[in-house]
Amino acid sequence: MSGKMKIATIVAGVAVVVVLTLVFPPFRTYQLATVGAYLCVTAGLTVLTGLNGQLSLGHGALMATGAYTLALSVNAGWPLTAAFAAALVVTTVIGGVVGLAAARLRGPYLAGLTLAVAVVVPAITSTFDGTFNSDQGLSVALEPPPGTVTVEQWQAWLAWGAALIVLVLLQLLIGGRFGRELKAVRDDETAARLAGVGVARTQVLAFVVSAACAGIGGALFAVLAQSVSPGAFPLSLSLFLVMAIVIGGLGSLAGAAWGAVLLVALPALAHTVTEGIDAQRLEGNLPLALFGVTLIVVMLAAPGGIAALRPFKRSPFKRSPFTKAGLRPLRKRSKA
Amino acid sequence: MKRLWSVLTVIALAAATTACSESGGGSGSSTPGVTDTEILIGTHMPLTGPAAAGYSKIAPASKAYFDYVNANGGVHGRKITYKIMDDTYNPATTQQVVRELVLQDKVFAVLNGLGTPTHTGVLDFLKTNRVPDLFVASGSRSWNQPDKYPGTFGFNVDYTVEGKILATHVKETQAGKKVCFLGQDDDFGKDSLAGIEKILGPVAAKQSYVTSNPNVGPQMGALKQAGCQVVMLATVPGFTALSIGTAAKIGFKPQFVVSQVGADLGTLTKSLGAAAPLTEGLISANYLPLATDPANPWIQLFTKVNTQYNAGAELDNNAVYGMSVAYLFVQSLQSAGKDLTRDGLIAAVEKGGFQGPGLVPVRFAKGDHSGYAGEQLSKVEGGKQIYFGTPYTTDDDAGAVTAYTTAPVAPPQNGIPAAS
Amino acid sequence: MFLTFDGLSRGAVYAAFALALVLIWRATRIVNFAQGAMAVATAYAGFEVSAATGSYWLGFAVAIAAGLILGAVTERVVMRFVDHSSPLNGVVVALGLVLVIQGGLGMIFGSEFRPAEAPFSRDAFTVGGVALLSRFDLFVFAAVGIVVVLLALLFTRTHTGLRMRAAAFAPDVSRLLGVNVSGMLTLGWALAAAVGSLAGMLVLPTELGLHPNAMDIVFVSSFTAAVVGGLDSAIGSVLGGLIVGLLLSYVSGYLGATVAPIAVLILLVVVLLGRPGGLFSRSAARTV
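Here the protein sequences come in this chain order: A, B and C. Numbered according to the working numbering, the first sequence spans residues -16 to 319. Numbered according to the working numbering, the second sequence spans residues 100 to 519. Numbered according to the working numbering, the third sequence spans residues 351 to 638.
Simulated from the structure, these hints should not be mistaken for laboratory data. Among the clues, some could well be false.
When the alpha-carbon atoms are kept at most 20 Å apart in a straight line, the in silico EDC-like pairs for lysine to aspartate or glutamate are as follows [unchecked claim]:
hint	chain 1	residue 1	chain 2	residue 2
1	B	Lys270	B	Asp246
2	B	Lys205	B	Glu296
3	B	Lys465	B	Asp442
4	B	Lys369	B	Asp392
5	B	Lys478	B	Glu379
6	B	Lys226	A	Glu126
7	B	Lys369	C	Asp433
8	B	Lys369	C	Asp522
9	B	Lys247	B	Asp438
10	B	Lys289	A	Asp112
11	B	Lys226	B	Glu379
12	B	Lys305	A	Glu126
13	B	Lys247	A	Asp112
Just so you know, these numbers come straight off a predicted model, no measurement behind them.
With the rest of the complex left out, here is chain A:
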């Protein structure tokens, strides 16, 4: 599929979603909005982790950065667009700082550093509680949506509007020279360097791009929840984001979309499945266990993720260039 086709698909997909928000009941619309917000984050993360091979366990913290920036700017009286811009700028800067450190690190060391970033959020909000109001967080005073639009529709449109921009920009970025450099650095740093690719520069840039996406996603979460607090960005969020992109299909935007859907749908499904069972200790715990089993089974049965499953396989010989060239070298490096 050519780049133009892909962008057309993205636009068509988002258009369909927006149509859905007109017919869905409010709660489904809200879930769609959540998917859109997650999609911004997973799309950025899959570019970083899937295409550039950098594992980040700290994207929850970057989302928190975006969310708090939006909350503080909105509460300072800024219009929503300016608040989004502020969220974008601040997370880009923070992403640049983390990215500079990250570019020197590999594999689990990078994971360790980003993990420490993820757990630092509540510490920062309570150390500077004058600004961030500790565990309780801030509420976000939003203007009511224009005209007869319901709150949920307005939230969904914002989320999917942002997702559209993020996806199209990412697609343009990874479809071009930058995308090839990302993969070259991931597959073989020495070869990439010999070919004239700035390894460190590419890695930092990848981190910055993905941080900016996470910031936008986080800002959207602040809008959806109309509040921000450290409890909403726990370590498990960062881990779930990684799980989502791997299960969805690492390295492709379609995989990121699947991941975003799963983040919303799987817990809800697990809850629905177990709802009929009435026993105290099972409540909450059974969905958790089911969720875990699903993860393991999917990973063992379909290691390429959902996006790699294709019922209409046209030819057994035609494999996606990604699985052929992409995944194996990752292993090579990890063993080197």
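Starting from the known structure of chain A, arrange chains B and C on it as the hints suggest.
Relative to chain A, chains B and C alone:
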């Protein structure tokens, strides 16, 4: 075409989940969640995760009491269905589950949603959708803002009121001693300390902890160094146990005075294990009868309900709390009358005048949405937590701490509040 | 002084736990995110037995044995079948395991904190009015010390240890030379999980007690410790554990508990910017 195919499946999946889940909702009545035979309400609670300890028992106990009421004919012929959603104490999940309750299940009201950071996030949403938000399970003062949130009501004694009552006791009985404070690093700790300092003035030393770091060794070391003789704790049960245990470990044995939140003796005994005797002499306060007091008629009622409808779970103070919430809610429904509407329910709660298991009255009135008005002091003696003295009431401001001498009422014969 | 011993005693536990992570990392190139949950599961088993029999030591032995078994079973039933085309698959499967174990424990034991008894008094000896350390702390030091020495002996002095190292370092060559590589992997997992269980038994009595999530924070601190020390170095993980333990204790004592995670982040940044492979990395060995 991979991408297009993916997108289409995603959409089909989303549409399918929507199609098969649009069966709920009320019918035959204009009020959401209310039919001629049923009232649907919901709550959010941590049932899993680190915050679930203790709290996960509250909602099932409430549910057990509703089942008891339902088995005896319900309220105005309507049975109460209580939908419990797990939010793992994560405010983002609370957002999701409360929206699901309100927008999809179309609950009549949200009852006893637990936690300050979690529930703060849904106040505006509940207000916009005009959902009654009754008896929030936390002692924050945020629930008492009738002008801003006309549908939200508290339940717990607020932390400042409690701080004032505990501090008054310390002032009377421990005069001249060095009083120090260890509190959770959020509103709970801050409001508590504010109440304490209103009575005692500045404390000699204060320390704080965060729930994500279960080691209070450094803090207790500092309090020992400061020569504290009385340590007032605004801690959750796990950290109360940890503080007492750690203090003993470094040979530090002050008088502990503990917030009701973290003083459930059953929980403390279990956490401390063999070190449980350390709780001897611990001072606390509460506003509900203690589960360990079998002579109390309310405990007798709750024990009966618990045995019949709570799957053999132990009746501890968390269960007593859950049932007291349910009792107050049934009282409110009775008072709201047969023609049940959301505005009618809120008006009925604002009318107040409820008498139930509490040792002090609930304060509900037109301009006051805060919960219980005060507490009675308790002390651990011979491995049992027992009340002493009279209950006290006060406000969260400069008001005096006064004794409340009206004797508590006994439960009605059949254990269900009568229609008024 | 008190802060130093408090920090060292927790650091010793982090060290043991980090060691378990290093064992698995060296053998399989997987960071076992399920380590904490596995340790909690075995500790539940241990304390159940202790409660039923009244013997702490029987429970202790059961917990360690359960660790061996759980580790082996995890490797044989789940980890073996993970597709290694991407290192992330192992991470995701381990995270799935965490959810299954925590959900399962919650279903069996409920979400309440259960007491975790210490075998020795936790009252500290005091010297000149200053509390130093307790019998339990001494037990922690001794247990961790013994484990470190035993593992060192195993890997350097025995044939089995040598085979395990060979199987991890060059699986194909080892297989040709007649080493039972898959058996060695299973053994590696079993040993690591047992060390994790030991760390769990040592740390739980000092914290809030048994709970499905009780080791989450210990895991984060220990992973940090392993990264600081260098994931390929056993000595590094032990020292890393002690450093992180001391840092947490000093910072909580002097600056406040809220600042501690920030201090850990700063430590990581400083160490990793200086030595991107941890303090004890063999320099340049990992560049391509």
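Hints, verified against the model:
1. Lys270/B - Asp246/B: 36 Å, violated
2. Lys205/B - Glu296/B: Between Lys205/B and Glu296/B the Cα gap is close to 44 Å, so the pair fails against 20 Å, i.e. violated.
3. Lys465/B - Asp442/B: 13 Å, holds
4. Lys369/B - Asp392/B: Roughly 18 Å between the alpha carbons, so the hint for Lys369/B and Asp392/B holds.
5. Lys478/B - Glu379/B: Since the Cα atoms of Lys478/B and Glu379/B sit roughly 8 Å apart, the hinted pair holds (cutoff 20 Å).
6. Lys226/B - Glu126/A: With a Cα-Cα distance of about 15 Å, the restraint between Lys226/B and Glu126/A holds, given a limit of 20 Å.
7. Lys369/B - Asp433/C: Not OK: Lys369/B and Asp433/C at ~44 Å, beyond 20 Å, violated.
8. Lys369/B - Asp522/C: 52 Å, violated
9. Lys247/B - Asp438/B: The hint is violated at about 27 Å.
10. Lys289/B - Asp112/A: 12 Å, holds
11. Lys226/B - Glu379/B: Between Lys226/B and Glu379/B the Cα gap is close to 45 Å, so the pair fails against 20 Å, i.e. violated.
12. Lys305/B - Glu126/A: Violated: Lys305/B and Glu126/A sit about 41 Å apart, past 20 Å.
13. Lys247/B - Asp112/A: Given pair Lys247/B, Asp112/A is violated - Cα atoms ~24 Å apart, limit 20 Å.
Checked against the numbered hints listed earlier, the structure breaks hints 1, 2, 7, 8, 9, 11, 12 and 13; every other hint is satisfied.
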